[in-house]
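As they're listed, the protein sequences go chains A and B.
The first sequence begins at 1 in our numbering and counts up one residue at a time.
The second sequence begins at 1 in our numbering and counts up one residue at a time.
Calculated from the structure, these hints are not laboratory results.
Possibly wrong hints are sitting among the right ones.
[As the list claims (entries may be wrong)] Derived DSSO-like pairs (lysine-lysine); straight-line CA-CA distance at most 30 Å:
no., chain 1, residue 1, chain 2, residue 2
1, B, Lys93, A, Lys239
2, A, Lys188, B, Lys93
3, B, Lys126, A, Lys188
4, B, Lys93, A, Lys253
5, B, Lys187, B, Lys56
6, A, Lys229, A, Lys253
What follows is each chain in one-letter form.
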Amino acid sequence: MDKIDFSMLGKIADMTEIPTVGAYNIRKNGLGVERHSTENIEIIPKTDKPGIDIRIKPGTKAEKVHIPVIITKEGVNDMVYNDFYVGEGADVEIVAGCGIHNSGCQTSEHDGIHRFFIGKNARVRYVEKHYGEGEGTGKRILNPTTQVYMEENSYCEMEMVQIKGVDSTIRETQANLAAGAKYVVLEKLMTHGSQKAESNMTINLNGKDASAQIISRSVAKDTSEQVFKPTAVGNADCKAHVQCDSIIMDEAKISSVPAITANNADAQIVHEAAIGRINNDQLLKLMTFGMDEQEAENIIIQGFLA
Amino acid sequence: MLELKNISFTVSDGKEALGIVNDVSLTVPDGEFMVITGPNGGGKSTLARLIMGIEKPTGGQILFNGTDITNLSITERAKMGIGYAFQQPPRFKGLTVRRLLSLAHGSELPEDQCCSYLTKVGLCSKDYLNREVDASLSGGEVKRIEIATLMARELSLAIYDEPEAGIDLWSFTMLVESFKTMMTGRKESVIIISHQERIMQLADEIVVIADGKIRNRGTKDEIFPKLMGEFDNACNFRGGEN
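Chain A extracted, bound-state conformation (with noise of 0.2 Å):
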């Protein structure tokens, strides 16, 4: 672990140094390179693909599991399984997150799917940021998929964020939620110069009094481009609400195309989409606080994504 490792955990993962409590792994490279597994939370490596098992003991409160993905050279091609076992009652926060430091010329990708299997009455928190840096012509590709099975009651807040620096992202997430299950997630995304994202999202609300709240944000600059895809799909008497809101700047092209379906009457969606440019008087605000048009456009960028 050197120097450049740090700068990159510490952006995806808030760590400037090995965890001295709770579990972790840390993979780089398309190996497992740390891990450490506590009392209630066991991280045991998959013996017929690459990734980890995380088993999170019922009743486990307090805990934090950090499992963030590094890569540092080009040409690497890495996929991993990731399942996590929330057992019931338990209360947990997850950081995960994947950066690529790509000095070369060649093509360098992650492709996490991760699983989340969530019992009855547990909470977890769960975070994963996404970044990418580096002076090479080589891609930066980060393509993560998000499956979460929720029992009854469970509650699950995911915040997904791709900071900078990934050149094609595409982001599969589902969610399958029992009664009295609350979901929410919080989408954040900014892509400039050529990137692309994709993020197509299903949430099945199975049971009665599920709900679910997607919040999407999203800034694309230069000549980016941007497709949102968020689908809730009500099978009970259940509540969901889908916002997607974006920024849209210079050449960029932005698609937003929410769905909502109702299975039965009882269920209660609600769609919002909107994609705009930033508001003019909002600028000349932050100006006449003192700030230059390009120094008011970053904090409006920052808030917006905070």
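Given the structure of chain A, go ahead and fit chain B onto it with the hints provided.
Same frame as chain A, now just chain B:
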């Protein structure tokens, strides 16, 4: 000291030119509390925006403390200590009230200081500090936060564009009290565009603007008797809102 010399602002629709501000000359001495009033559509807000630099005059010159600022940007004028509270302030998704006040101040503001600004504009500070300045706030709330952003700055000249607009009666009373407090121990000059008699009562000088020109100016004792007549006439101007 702010000096406007023969300021004009003309817009054109391609066929004919329309004068919004016509040859206005005005001096605001240091420390003065000036209220600009007059019928809607008369050019008051445009004049304020010309002083802040949001619009550039088509004729004339603006001097601030002896420096010609006519061609300076909004940013440069802000750095010289000019501030402007918008009549219809923009909202910011994701920016909290505390962050906005800190941005106005130029550095991170301690919580108690944020609270004191919010209290001055009639907002219960604890409820608002961490709220976002977005569509979840009512028009009146955004307006009061806007006024607080000016209080959070160190200014030589503060311009308030109809601070009373969209504010309920109770908060308006708080606001008048705040402006009264500002009068004592205040160093900066204040220009308030207002239709409210209670704000005019605080003024060192009242300027009446109509048809893009100064119709009258003087102390409140000089202006008030004339103003009653002006306001009757003002009804004729309604519908021409800017």
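Each hint, compared with the structure:
1. Distance check on the hinted pair: Lys93 (chain B) and Lys239 (chain A) sit about 24 Å apart at the alpha-carbon level, within 30 Å; holds.
2. For the hint linking Lys188 (chain A) to Lys93 (chain B), the alpha-carbon distance of about 13 Å falls within 30 Å, and the restraint holds.
3. This hinted pair checks out: Lys126 (chain B) and Lys188 (chain A) have alpha carbons roughly 28 Å apart, not beyond 30 Å.
4. The suggested pairing of Lys93 (chain B) with Lys253 (chain A) holds, with an alpha-carbon distance near 21 Å, which does not exceed 30 Å.
5. Proposed proximity of Lys187 (chain B) and Lys56 (chain B) is supported: the alpha carbons are some 27 Å apart, at most 30 Å.
6. Under the criterion of a C-alpha separation no larger than 30 Å, the hint pairing Lys229 (chain A) with Lys253 (chain A) is consistent with the structure, at around 15 Å.
Going through the hint list in order, the structure satisfies each hint without exception.
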